[in-house]
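Trainee: These are the residues of each chain, in order.
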Amino acid sequence: EPKSRFKVGWSIYVGWMPWGYAADTGIVDRWAEKYGIAIEVTQFNDYIESINQYTAGAYDAVTLTNMDGLSIPAAGGVDTTAVIVGDFSAGNDAVILKDSTSLAEIAGRNVNLVEFSVSHYLLARALDSVGLSERDVRVINTADPDMAAAFQTRDVTAMVTWNPIVSEIAAMPGANLVFDSSDIPGEIIDLMVANTAVLADNPDFGKALAGIWYETAALMVADTPEGAAARAAMGAASGTDQAGYEAQLAATRLFADPAEAVAFTLSPDLGTTMDHIRTFLFDKGLLGAGAPSADVIGIELPGGAVMGDPANVKFRFDATYMQLAADGAL
Amino acid sequence: MNAITVENVWKEYGDQIVLENLNLSIAPRAFVALVGPSGCGKTTFLRMLLGQERPTRGRILLDGAPLPPEPGPDRGVVYQRYSVFPHLTVLGNVMIGTELRGARLLGRRFGAARRALADDSRAMLAEVGLAGSEDKYPAQLSGGMQQRLALAQALMMKPRVLLLDEPFGALDPGIRADIHKLMKRLWNEVPMTVVMVTHDLREAFTLATRILAFERLRDRPEERLRYGATLSRDIDVWPPRIAGRTTLYDADIPPGQDDLTAFGQVPGTTRHTGAADHAAHSPLA
Amino acid sequence: MNAITVENVWKEYGDQIVLENLNLSIAPRAFVALVGPSGCGKTTFLRMLLGQERPTRGRILLDGAPLPPEPGPDRGVVYQRYSVFPHLTVLGNVMIGTELRGARLLGRRFGAARRALADDSRAMLAEVGLAGSEDKYPAQLSGGMQQRLALAQALMMKPRVLLLDEPFGALDPGIRADIHKLMKRLWNEVPMTVVMVTHDLREAFTLATRILAFERLRDRPEERLRYGATLSRDIDVWPPRIAGRTTLYDADIPPGQDDLTAFGQVPGTTRHTGAADHAAHSPLA
Amino acid sequence: MRLINRHPGRAARLFLGSLPFLILVVAYLVASAARLADNPGDKLLPALSSFAQAIETMALTPDRRTGAYLLWSDTWASLTRLWAGLGIATAITLVMGLAIGVLPVMRALLAPVVAFASMVPPLALLPILFIALGLGETSKIALIVIGVTPFLIRDLSLAAAALPREMIVKAETLSASTWLIALRVVLPQVMPRLLDSLRLQLGPAFLFLIAAEAISADSGLGYRIFLVRRYLSMDIIFPYVAWITLLAVAMDLGLGGLRRLMFPWWGLEGRR
Amino acid sequence: MRLINRHPGRAARLFLGSLPFLILVVAYLVASAARLADNPGDKLLPALSSFAQAIETMALTPDRRTGAYLLWSDTWASLTRLWAGLGIATAITLVMGLAIGVLPVMRALLAPVVAFASMVPPLALLPILFIALGLGETSKIALIVIGVTPFLIRDLSLAAAALPREMIVKAETLSASTWLIALRVVLPQVMPRLLDSLRLQLGPAFLFLIAAEAISADSGLGYRIFLVRRYLSMDIIFPYVAWITLLAVAMDLGLGGLRRLMFPWWGLEGRR
Ligand SMILES: Nc1ncnc2c1ncn2[C@@H]1O[C@H](COP(=O)(O)OP(=O)(O)OP(=O)(O)O)[C@@H](O)[C@H]1O
Ligand SMILES: Nc1ncnc2c1ncn2[C@@H]1O[C@H](COP(=O)(O)OP(=O)(O)OP(=O)(O)O)[C@@H](O)[C@H]1O
Ligand SMILES: [Mg+2]
Ligand SMILES: [Mg+2]
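Protein chains in written order, with the working numbering: chain A, 546 to 875; chain B, 2 to 286; chain C, 2 to 286; chain D, 222 to 493; chain E, 222 to 493.
It should be emphasised that the hints constitute simulated quantities derived from the structure, not laboratory data.
The beta-carbon is built from N, C-alpha and C at its ideal position, and this holds for glycine as well.
Just to be clear, a hint being listed does not mean it is correct.
Claimed, not checked - Ranges between beta-carbon positions, derived for each pair:
| hint | chain 1 | residue 1 | chain 2 | residue 2 | range |
| --- | --- | --- | --- | --- | --- |
| 1 | E | W293 | A | R680 | 29 to 35 angstroms |
| 2 | A | R680 | D | E358 | 23 to 29 angstroms |
| 3 | D | R231 | A | S549 | 56 to 62 angstroms |
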């Protein structure tokens, strides 16, 4: 049903910092006002909790990755639409080995990572690339805030994680990045998703989100004092400084230009990526306990093509709002 | 009013029979001294009169009606120990009864009412020889002082039935004589029935109108569990003492003195009613 | 051996002076009865003899040497309360002293040694009239039974100095007479000095060789803080009683009886040494 | 009759005791039904049938990956950690708590640092713990020990110091040495209190266990809860939480029974 | 003289009490120097100078983003949550703990569910809490309340039930109603114990506060620690942890002083 108050959750991660900045500096309010709605933005420190709250219906939109969007809200029955494709990881996620520079030597080791996260997916892709499978390693679930410390213990010899932890660990003696997300470009995508039903009833909400994002993104990539100030603020908000934040941005392929985002979303590669991901998730049993095949959940790609069960479409990519931004029609 | 009747009362703790087949009745305004060997069940009997414990068998009547199953302001008590509140000062301990009775909401008095009560309480404390210790806490008192405080606390309430468990055991003869006088005066003035456990027969004869002795008739160690104590003697003090009336008899309390060598003959002689005399007792008033 | 000398001892609690300028000496193997009004500082004095409290001023000597600053097995004690261990049975409470003394590592005896000790302990319990209650816990005993247990516990250790704080206060005359006999026997057999607080002068004269009276010479309420009690009388019992020797005098302890009316004349008369007689006392043995 | 003297009978107690639980269950069912009516796919408050199915999967079906019955292998992994942690904590407490409670010198030396330690949020210092002890079982057990020991020590030493001074003096006159006082007078009298405070620490112990398992593990009740938390699988989380609570309540009752069995004198003294 | 009777003097106590802290500091400095010698970029055990700098940044320099002095704004945010939580917990405890301790009927009704609640690991049920209460201050305060109240209640009701039966009977003979017994006999005698158990719960209260702030917050001590944890910024974490500990210790001492001031009779009775 149409409504006028919306709740958006975001969590602290390099590609999502603009949401916090936009909320702090009034960009959010400005766009909300323009469409006659109110948007409440909540910062989460805990990524999973933000998704849980969205899945449980407490939030209308949330930031997450394409894989988590499929495995958590979509597999949980919440029809979810990707409104904005913000960026993809180009080095922010990495496989790190201690005292070894060859990925193949990961065989037989314990690998510390957040189980069933994009790190797990990255590991699967990495193992694939050297002809190994997950059976050749032992996965130890490890909480992300403790990764940096964990890496310093003797027990840990292989780890998969994301930024800013990756750069912290990379600076430690003996750490070698042997595989990272730039080796599988475009597969780990950071999104702003919204509940499909809410979005369908309230297109203004989608427009406002797009407006907020592209105004902020333009500001942050600008090579101006304002841009620098914005990056410094986002750095501070994520617990580091401007330099630290810019280093993380460097490993991120940010779509500040809506046209690029539209192009990326419309490209057939997205279908291939989503197929990889749903196969991985199905292998891990994450598409539901009784799922007969990777096809149980339908994924609607831009243009209406559906991958999987068309009667059970729960995850959708929709370029409409990015297109509006690209057209300057917001 | 205030008549207590005990009918066929037995009390057991687990396997042990403590009291066996008690039958007695206590007249209103009697002053009963309860004597008997240590461990025979005197405290247990008081606890039952108080309503804190229930007889295993039999029943206790107060003025013909079954004893209320819980303690109440009609029956006051001074325990062998644990008798005062550690968190109140001496003065507070004496005041609390009246405060609780008068202020049902907060249990406190304020302003003039409080000052009047404090004055009364100070007077009572002076009577039991605790003047000057009003602001101490019980833990700072000596054993005998705690005992007197407990007594003052109970006396302030002027209960219909007052149960005293060795209330003067830790007092020196001087103070004890003073308090005997106080007890007598109160017993004469206030319509109350007193049941007092004591080991001091002199004291029993000085104060009481009647003396009850409990005894375990079979007391070999191997019998102690299976046989309880029962009423073995029931003696009316002679000449009869009647509440509210001063008798010649009462004049001969020795003056508060501490001459170490003076021991007068015990006042009062006895009319023996026999060891097996469990028959109901003729009231005295 | 066992001589106690008290020199210029003062004791204050905060602002309150409790004991004032005590000077006295107690001969070895004396049996001293300490009397005095409630709250005058008798317990405080015992605590100082025990080493549990220190004098504010002055000093206490044991056999000429300063009193060890902590309690030890040479001095036994029976308190007015808190005297037994709640976590041990009656038998365990009596055994523990010997166990602690003999087994320095575990504080427990096993096997035959334990059985022998248990037999001794049972005998002691029987002497204080607690046969049959060996397996109860203190909380299941009556007041008088707890008191007797504490006494049995202390007597098992046969200390050189035994400090008793109103040890027979909660006992009936029958048991009390039995225990008096026991006390006398032990005092005669074991080389010990006894200091006993009591409010019962009869008892004092029955047992003691000497009677000390503490008194607050200025006792108006407003003076109570500023003036303490001091030694007001010091009386040797006559005929002199000498430890280890039975005298004709000792033969006249009344037999354990509970005839409610029998009160014999108190044995022993006194030789008054005067209220100000603080001079060192001639030893009796 | 005053309310304070009204003792409900056995049946009434049972009824009263289960009433709040019934209310909770009914409240859950109502809330769950409401949410499910709104969105049949709701995962926050699953229907009872989902629980049954999840329990069946976790407890009665061997895992596809490892072949183990997950609930049981998780329980076993967690309980061994928990018991090891509580055992070590108890041992340390007995030594340090008694020392602090009995010996003034040890009290001066250790009481401040123990009070301080009980205030340090242990989860914030995990990195140091990892570096010192590694990521294996040791550090999980250590976290439990670090989390509960300061409380146990403070509680025990408070209880020891609260024994009446007369009791200690009495033991001294019975020729006890400091060691024997600790062993035969203080220890047995504070043991019931130790068992009671161990009972109170069961909740926190499970909390630290779960936190430790959330950080790095490949089995355990806490591991499973945090793993499935990603998917808001409340159908698994609820049964696991209920199971943990049941385990803790069972241990609580067990320790309570142990106390009554071992220390029959406790509770005789005037307590109701 | 037995060790149990050796009471160190004031100066000795001060010295002994600070000894363990000194040892800890020295151990830290040695370990830190060793690690920094190995790897000058090591972040796990920073040198004292790094702490000084971090403290300077956090406490004395206004934040560029918000203009606030972070340490102080974090402290304020956390303390208000903590105090609100503890205040509510205390209020609930007074009512429920007294009711359970004094009234057999309430004990039958509530004791089982409270014992049960004290065993539920609250962190596992966070999603429900957040859905029910939102992500604002309410849910953070609620987590503290949920975390500490069951313990406070259990402790208080144990203390109330442990009062000698004679004391209650005595009050009844002094004409007290159930209400007045609770108000004037039980309450004042358990208050010191409540203050003591509140002191023991300061540590857990901070723990729950930090956990709540780690989920969703934009200021607070726990938030900051969580934020910089992924950078292994021990130079900030250590001072923050030390600061939290100091705050807790100060509150601990404050509550202890309050107890002595308000309840002078407590501790007179035979305690050492
Ligand atoms: N809670 C209890 N459990 C078991 N036995 C008990 C309990 N309370 C009292 N008894 C037993 O009941 C008997 C009577 O005890 P009670 O306290 O009534 O004696 P008493 O006559 O008051 O003795 P005293 O003069 O020594 O105070 C004693 O043998 C005692 O061991
Ligand atoms: N801890 C304390 N703090 C303050 N005053 C105390 C303390 N202990 C005892 N007193 C005071 O010291 C005085 C003597 O007490 P003590 O217990 O020695 O008396 P006592 O002679 O044994 O009396 P009783 O015969 O009643 O047992 C009393 O006035 C008492 O109030
Ligand atoms: Mg009795
Ligand atoms: Mg005394």
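Trainee: Take the hints in turn and mark each one as holding or not.
Mentor: Quick rundown of the hints versus the structure:
1. E:W293 - A:R680: 29 to 35 angstroms: Roughly 53 angstroms apart at Cβ, these two residues miss the hinted range, so it is violated.
2. A:R680 - D:E358: 23 to 29 angstroms: Hint holds: Cβ distance 24 angstroms, inside 23 to 29 angstroms.
3. D:R231 - A:S549: 56 to 62 angstroms: 58 angstroms, holds
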